[in-house]
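K.L.:
Sequence:
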Amino acid sequence: MSDPAKLAAPFDRCIARDGTAFHEVGTGEPLVLIHGVGMRLEAWAPQIEVLSKTHRVIAVDMPGHGQSVPLAPGSGLEAFVAWFGGFLEVMQLKHINVAGHSMGALVSGGAAATFPARICRVALLNGVYRRDAASRNAVQARALSIKAAGIDVDGPVQRWFDDDEASRLPRSLTRSWLMAMDRDAYATAYGAFAGGDATYADAWPQVACPALFLTGSGDPNSTPDMARQMAACAPRGVAHIIEGHRHMVNLTAPQTVNRLMLEWLDMKETGA
Numbered sequence: 001m002s003d004p005a006k007l008a009a010p011f012d013r014c015i016a017r018d019g020t021a022f023h024e025v026g027t028g029e030p031l032v033l034i035h036g037v038g039m040r041l042e043a044w045a046p047q048i049e050v051l052s053k054t055h056r057v058i059a060v061d062m063p064g065h066g067q068s069v070p071l072a073p074g075s076g077l078e079a080f081v082a083w084f085g086g087f088l089e090v091m092q093l094k095h096i097n098v099a100g101h102s103m104g105a106l107v108s109g110g111a112a113a114t115f116p117a118r119i120c121r122v123a124l125l126n127g128v129y130r131r132d133a134a135s136r137n138a139v140q141a142r143a144l145s146i147k148a149a150g151i152d153v154d155g156p157v158q159r160w161f162d163d164d165e166a167s168r169l170p171r172s173l174t175r176s177w178l179m180a181m182d183r184d185a186y187a188t189a190y191g192a193f194a195g196g197d198a199t200y201a202d203a204w205p206q207v208a209c210p211a212l213f214l215t216g217s218g219d220p221n222s223t224p225d226m227a228r229q230m231a232a233c234a235p236r237g238v239a240h241i242i243e244g245h246r247h248m249v250n251l252t253a254p255q256t257v258n259r260l261m262l263e264w265l266d267m268k269e270t271g272a
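For the sequence shown, the working numbering begins at 1 and goes up steadily by one.
Treat the hints with caution; some may be incorrect.
[As the list claims (entries may be wrong)] Here are the simulated EDC-like cross-link-like pairs (lysine to aspartate or glutamate), alpha carbons at most 16 angstroms apart as the crow flies: (1) Lys94 to Glu263; (2) Lys53 to Asp18; (3) Lys94 to Glu49; (4) Lys53 to Glu78; (5) Lys53 to Glu263; (6) Lys53 to Glu269; (7) Lys147 to Asp182; (8) Lys147 to Glu89; (9) Lys268 to Glu24; (10) Lys94 to Glu29.
[Said to hold, decoys possible] Between beta-carbon pairs, the in silico distance windows are: (11) Asp163 to His95: 19 to 29 angstroms; (12) Val153 to Ala117: 17 to 27 angstroms; (13) Ala117 to Glu263: 41 to 51 angstroms; (14) Gln206 to Glu165: 40 to 50 angstroms; (15) Val153 to Asp266: 35 to 45 angstroms; (16) Glu263 to Ala208: 11 to 21 angstroms; (17) Arg259 to Ala232: 19 to 29 angstroms; (18) Glu29 to Ala9: 20 to 30 angstroms; (19) Asp132 to Lys53: 18 to 28 angstroms; (20) Pro10 to Val153: 17 to 27 angstroms; (21) Gly74 to Asp164: 30 to 40 angstroms.
Keep in mind that the hints were calculated from the coordinates and are not lab data. Only a predicted model underlies this, so the values are computations on that prediction, with no experimental measurement involved. The C-beta atom is built at its ideal place from N, Cα and C for all residues, glycine as well.
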């Protein structure tokens, strides 16, 4: 962001009729932003600042995160996608661009698969796709441990960030957001994330809108190969790998992410 102090500032929220908390700013084509597990809409602060200059940006708190009401315990990815569809109905958003990070990327991909007529463009930042057996076992073990052991704050921070000066503030904010999470809501979202990497994986060949797949070169879980594989399946898919960054590229490489998202938002909706 132009002012690093802004990154730590909370955003004002409205509460939709379905209990979803959101921050809205700007005018133009709607762009909805969905964060990842344990985060909140402030994780999109650098994108909100820049993209709201050209678009109507609506950043949401996922269910059970920030100020949004939770889903029922044990809800899977399909329930989160249904929540998102309901939010669009409540907000009377008929045609949107949607970008999701991590768990939000799974929800965004599910939206493109489930109600494609509403989705003009879709972007997945640090999205997962068909994990291998070792990665699947590891993430499912982490999901199962939450109710007994609580929310692991140090593990995600170590996986998601390098230990450099540019990551210092994002690391600190990420820790604070994880520590503020309700354990049950986190367990529900993480369970959906752990089990959702293949739920909509077969749908990409039918997603006709512009699709951006972006991740960091050092992301051990949302790998560059995953981004490239999804882009290869989607008719209008484009993959970009940000060198020298890991999982939270929206915070650690905001200028590059903003540029790539603006290019994506400038793509024509149809291939004509």
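K.L.:
Of the numbered hints stated previously, which ones are contradicted by the structure, given in increasing order?
P.N.:
1, 2, 3, 4, 6, 8, 9, 11, 12, 13 and 19
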